[in-house]
Amino acid sequence: MSTIAEPHIRLPEGSIEKTTTTLNLGPTHPATHGVFQNIVELDGERVVSADQTIGYIHRAFEKIAERKPLYQITPLTDRLNYCSSPINNIGWHTTCEKLLGIKTPKRVDYLRIIIMELARIGDHLICNSIVGVDSGAYTGFLYLMQYRELIYEIWEEVCGSRLTTSIGRIGGFERNFNDIAFQKLDKFLKEYPGVLKEFENLFVRNRIFMDRTIGVGAISAERALNYGFTGPNLRAAGVDFDIRVHNPYCSYEDFDFKVPVGTTGDCYDRFLVREEEMWQSLSLIEQAYQKVQEFKGEEAGVYHADVPEYYLPPKEDVYTKMEALIWHFKIVMGEIDMPVGEVYHSVEGGNGELGFYLISDGGRSPYRLHFRRPCFIYYQAFEEMVKGHMLSDAIILMSSLNLIAGEMDS
Amino acid sequence: MDRPVSYNIHQKALEKDISMAEMPEGSMGEGFFATSLDKVIGLARKNSIWPLPFATSCCGIEFMATMGSHYDLARFGSERVGFSPRQCDLLMVMGTIAKKMGPVVKQVYLQMAEPRWVMAVGACASSGGIFDTYSVLQGIDQVVPVDVYVPGCPPRPEAIIDGIIRIQDLVGKESLRRRNGQQYKGLLESYGIQ
Amino acid sequence: MPLTNEHIKQKLLEKFGEQVGNFSEPYSLLTFEASKDINLKVLNFLYDEPELKFRFLTTLCGVHYPEQKGKEIAVVYHLHNLEDNVRVRFKIYTDINQPDIYTVTGLFSAANWLERETYDFYGVNFIGHPNLKRILNVDEMDYFPMRKEYPLEDSTRIDKDDEMFGRGGTLGYGTEKTTHGTVPEDEKHDEGKPVL
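Protein chains in written order, with our numbering: chain A, 3 to 412; chain B, 53 to 246; chain C, 5 to 200.
Hints listed in this document are in silico derivations from the structure and should not be mistaken for laboratory results. It is possible that some hints are incorrect.
[Stated by the list, open to error] Derived lysine-lysine pairs resembling BS3-like cross-links, with alpha carbons at most 27 Å apart:
| hint | chain 1 | residue 1 | chain 2 | residue 2 |
| --- | --- | --- | --- | --- |
| 1 | C | 152 | C | 40 |
| 2 | C | 40 | A | 70 |
| 3 | B | 91 | B | 64 |
| 4 | C | 95 | C | 57 |
| 5 | A | 70 | C | 164 |
| 6 | C | 95 | A | 389 |
| 7 | C | 95 | A | 100 |
| 8 | C | 73 | C | 57 |
| 9 | B | 158 | C | 13 |
| 10 | B | 64 | A | 186 |
| 11 | A | 70 | C | 152 |
| 12 | B | 158 | C | 40 |
| 13 | C | 40 | A | 100 |
| 14 | A | 70 | A | 189 |
| 15 | A | 186 | A | 298 |
| 16 | C | 19 | C | 95 |
| 17 | C | 13 | C | 75 |
| 18 | C | 137 | C | 45 |
| 19 | A | 100 | A | 389 |
| 20 | B | 64 | A | 189 |
| 21 | C | 164 | C | 137 |
[What the hints assert, rightly or not] Below, a sample of chain A positions facing chain B; criterion: calculated Cβ distance under 10 Å:
| hint | residue |
| --- | --- |
| 22 | 46 |
| 23 | 61 |
| 24 | 65 |
| 25 | 144 |
| 26 | 208 |
| 27 | 322 |
| 28 | 367 |
Just so it is clear, CB atoms sit at the ideal spot from N, CA and C, and this is done for glycine as well.
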């Protein structure tokens, strides 16, 4: 629990109360999605100050990563932003590929883009529907959760698991996408746009929703940049900074998509930016899907880069060929050392720039691995954004910032 | 390369449109039915459990999927999830509990009124999961007594529903005197709960 | 004209001369080191200089090198110039017995919690920080867990047996007992039993 120096703040003359009321929006609260605590000082219903305490789900990822070889860190990265875990996985794999100097073939890149954009749709879908739930509209959440099930089915076909996927390997994917996966992708691409349009009709021009979210938690572009905002929160404030455009990774430069930008940075702008990003992600998936279908013959079977040192050989070869057996042994027993060096690589996660700073000293596991977690960095601005608003606005502000506790306390 | 779907391919015809709860044993007559009290109370309690979802991390998202329309949890009587421990019967702890959060779980448990049940959902709540570190509580049974553990990382919604069904079995078969008995008091003593 | 790593290096050497050094470009990201007293001055220079304009603090973290005596704890800043899309990495080193570093919270508000996290994990004392206390670990913790000498697991836990994981336990695998010298007298096995 955090200790506050003065329990109550004296209010100026002319206020209704003499000192403020302290309210503990504690770690277990229905409206905080994830465990973080806010001790707010209220003057009547207006928030005067807010003191945040986080760390209620600190799992020491960075210390665990110093013990594990590179491929075992993938399940850890899943649990960072668990609403869109493939983005974290693929971000980690691209960091390792940058360190090890591996270049992935185009088909792998396009398949990765399909998976990452599905994850981005999943993340924004949860965030927007939960903003709806917090303002009292439960129906939107139920409509959209159904389509998150379709996304789970696609991931399940590729990697076997629904939520914390650990999808892919260093160099590509663990298996080729089969026809069933592409059929499910077709089904999703056919059905989801209709539902998203329905959701938009419920919320975007809804008088009550607009009254609750316009003007709440506005932040200017200069303050946002100073606070280290990235992702939809920064784009809602007016700055078009998107890692997919500025430092493209995974062949994003071959695609044509727009980056939506807002003006005032309030909750309504964030909601609209996320909605538009979902439409852009759908267009990206369609373009990538078309490009994947253009690969014919030999190339249509490529699903990983040709790096025997880091990618496990198929089991039939391990049991029949000598060289595959030796590589399998070396990879699993950790005989292959990483090059010495340090690399920083970032990807555009659901909340912004998710960065991985990896220092390697040779050997099997990293010497130091630091995750640049966007939620942790922009939650600091909450106090500044919430001052002067009412208590119910504070709740909507918390959910529109898309705070995921797993990413905040690593 | 395509493996055919092998489970759940034969549609089972529904026997009736509505499934009814089994009648407990007892003696029937014209206008009356006599049975023991704990069977009736067990039957009533188990089909209307009000859970408190204590969702901390990834398992919480699977719980949201369980509450959604695909794997509907409401059909087991848990339509109303409450967030106030004073009004709930079942504490579902979903997700990793860090040492900082341990006292909070205990406080929430203490506020619940008897009879109360606890379900640990996920590997992290059952035993610490993959996080064998200095800051993670290795299972919530270090701080509160647990009735049902649901393994998985995260457990599929079907597994969470299986856990709820086992809780229902426990609730239905519980004796009315259990909460006042010596064994239960001893259990709470060992956790330091009065 | 585009902002190149060479150009940034020139400007830094012009302004600070001997105090910055150790320039390298791993994976084409300019990395340099400076002495810890001038960290705020260097960051201010990179922020204000009209050609450099590094106005976005991407991240700040600490690293522990127990072998480099006198320079055990490093603090690494990653900065980003959003207009020209150039990144730079800046490192400072400090002694573990006196880890005082000036805070940069005045310049970048994002550094507030990042410095608290570095304090929490490594014990770096940031001079001038508005609220330097633990952020992720429990407040009562009395050691700094990310330092290399502390183990990952909680040694007081009773449900998991360290011996099964090949560390600690009664025979002391992986600890001082078996890495230096012989097994103590009272734990010697007889000839027949195999030592694991």
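Against the structure, the hints:
1. For the given pair, residue 152 of chain C sits about 22 Å from residue 40 of chain C by alpha-carbon distance, which is consistent with the 27 Å threshold.
2. Straight-line distance between C-alpha atoms of residue 40 of chain C and residue 70 of chain A comes to about 32 Å, which puts the hinted pair past the 27 Å bound.
3. Proximity of residue 91 of chain B to residue 64 of chain B is assessed by CA-CA distance (about 31 Å); at most 27 Å being required, the pair is judged violated.
4. Taken as a hint, the residue 95 of chain C and residue 57 of chain C pair is honoured in the structure, with Cα atoms around 18 Å apart against an allowance of 27 Å.
5. Between the alpha carbons of residue 70 of chain A and residue 164 of chain C the distance comes to roughly 19 Å, so the proposed pair stays at or under 27 Å and holds.
6. A distance of roughly 36 Å separates the Cα atoms of residue 95 of chain C and residue 389 of chain A; the hinted pair therefore is violated under the 27 Å criterion.
7. Distance restraint check for residue 95 of chain C and residue 100 of chain A: the Cα-Cα separation of roughly 21 Å lies within the 27 Å cut-off, and the hinted pair is therefore satisfied.
8. Restraint check for residue 73 of chain C and residue 57 of chain C: not satisfied, since their Cα atoms lie roughly 35 Å apart, outside the 27 Å limit.
9. Between residue 158 of chain B and residue 13 of chain C, the direct Cα distance comes to roughly 56 Å. Violation of the 27 Å bound is thereby established for this hinted pair.
10. Pair hint residue 64 of chain B plus residue 186 of chain A holds up; C-alpha atoms about 24 Å apart against a cutoff of 27 Å.
11. The straight-line distance between the Cα atoms of residue 70 of chain A and residue 152 of chain C is roughly 15 Å, inside the 27 Å bound, and the hint therefore holds.
12. As the CA atoms of residue 158 of chain B and residue 40 of chain C are separated by approximately 45 Å, the hinted pair breaks the 27 Å bound.
13. Simply put, residue 40 of chain C and residue 100 of chain A have alpha-carbon atoms about 30 Å apart, too far for the 27 Å limit, and the pair is violated.
14. Restraint check for residue 70 of chain A and residue 189 of chain A: the C-alpha separation of about 39 Å exceeds 27 Å, so the hint is violated.
15. Restraint check for residue 186 of chain A and residue 298 of chain A: the C-alpha separation of about 21 Å stays at or below 27 Å, so the hint holds.
16. Using a Cα cut-off of 27 Å, the hinted pair residue 19 of chain C and residue 95 of chain C holds, with the two alpha carbons roughly 17 Å apart.
17. Restraint check: the Cα-Cα separation between residue 13 of chain C and residue 75 of chain C comes to about 23 Å, which is no more than 27 Å; the hinted pair holds.
18. Simply put, residue 137 of chain C and residue 45 of chain C have alpha-carbon atoms about 25 Å apart, close enough for the 27 Å limit, and the pair holds.
19. Only pairs whose Cα atoms come within 27 Å are accepted, and residue 100 of chain A paired with residue 389 of chain A is rejected, the gap being roughly 43 Å.
20. A C-alpha spacing of about 25 Å is found between residue 64 of chain B and residue 189 of chain A, which places the hinted pair at or below 27 Å, so the restraint holds.
21. About 32 Å separates the Cα atoms of residue 164 of chain C and residue 137 of chain C, which puts this hinted pair outside 27 Å; it is violated.
22. Taking 10 Å as the C-beta contact cut-off toward chain B, the hint placing residue 46 of chain A at the interface is violated, the least distance being around 24 Å.
23. Look at residue 61 of chain A: its Cβ gets to within about 5 Å of chain B, closer than 10 Å, so that hint holds up.
24. Taking 10 Å as the C-beta cut-off, the interface hint given for residue 65 of chain A holds, the closest approach to chain B being about 7 Å.
25. With a cut of 10 Å, the hint placing residue 144 of chain A at the interface with chain B holds, because the nearest CB-to-CB distance is about 6 Å.
26. Against a cut-off of 10 Å between C-beta atoms, the interface hint on residue 208 of chain A is violated, since the closest Cβ of chain B lies about 22 Å away.
27. The interface hint given for residue 322 of chain A is broken, as the beta carbon of that residue sits about 19 Å from the closest beta carbon of chain B, more than 10 Å.
28. A least Cβ separation of about 15 Å between residue 367 of chain A and chain B goes past the 10 Å threshold, and the interface hint is therefore violated.
Figure legend: structure checked against the earlier numbered hints; hints not met, in rising order: 2, 3, 6, 8, 9, 12, 13, 14, 19, 21, 22, 26, 27, 28.
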